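With these hints in hand, go ahead and build the complete structure from the sequences.
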Amino acid sequence: MAELLMGNEAIARGAAVAGIRVATSYPGTPASEIMSSLIQLAPQAGIYTEWSVNEKVAVEIVAGAAYAGARALVSMKQMGLNVAADAVMSLAYIGVKGGLVLVVADDPGPHSSQTEQDSRLFARFAKLPVLDPSCPQEAYEMTKYAFELSELLGLPVLLRPTTRTCHACQDVTVDPLPPRPPIPGFTKDPRWVIMPALSARQHIWLNRQQARARA
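In my numbering, the protein residues as written are 1 to 215.
20 angstroms max Cα-Cα, derived EDC-like pairs, lysine to aspartate or glutamate:
no., residue 1, residue 2
1, K144, E3
2, K144, D132
3, K56, D118
4, K127, E60
Restraint ranges, calculated between C-beta atoms of paired labels, are given here:
no., residue 1, residue 2, range
5, W51, A85, 13 to 23 angstroms
6, R120, N54, 19 to 29 angstroms
7, M89, G185, 21 to 31 angstroms
8, M195, P108, 31 to 41 angstroms
9, L121, L177, 31 to 41 angstroms
10, M89, V53, 17 to 27 angstroms
Treat the hints as calculated values from the structure; they're not laboratory data.
Given the structure is predicted, the values throughout are model-derived calculations rather than measurements.
All residues carry an ideal CB built from backbone N, CA and C; glycine is no exception.
Okay, structure coming up:
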């Protein structure tokens with residue numbers, strides 16, 4: 001089935017089809033419509049949605065969901081990644097159980113931002129995989145794939161649409177929403193607390209996961 005969707009709507013639909021249970025965001029163009037679209041899908045798809053007080057809090061909420069085995073998505077614009085950097089860097093070392101996608105909408109130009117930033121460089125710095133869609137259909141497909149990749153590697157995955165991808169419109173071939181997946185539940189485990197003794201071991205693990213991602 002094909003629907004005329006904005007890129008941000010396609011990302012939201014891809015996340016819902018992937019079976020996310022939690023979505024958070026802090027508003028900022030060009031990313032805002034992702035959460036607006038998820039809020040509309042939430043009753044049918046069984047998604048908890050939240051406009052968070054800032055991007056760091058938004059990341060921490062979805063991290064908790066991913067620790068419990070739920071798929072989750074957080075969206076923000078490129079400067080929001082600066083605010084969330086502390087949480088994201090630690091999350092790269094800790095890893096995830098459920099698929100976790102960080103949608104960071106870059107604004108080349110810029111059209112509605114104070115600065116130009118390329119979040120692909122941040123992903124490299126954080127040693128996280130990044131996907132770079134060029135149209136709404138790719139945004140939809142890559143969003144679905146990002147959750148699979150996240151669970152395969154045990155890492156958050158960045159999705160990096162730009163302003164033109166976010167706000168372009170296209171007939172997007174979409175799948176029906178799946179049944180609401182169960183949430184396995186949180187299991188207490190020292191791995192979810194990043195302490196110095198764990199950091200050294202996890203840094204080695206993170207480097208190995210980078211090699212797996214390249215393969």
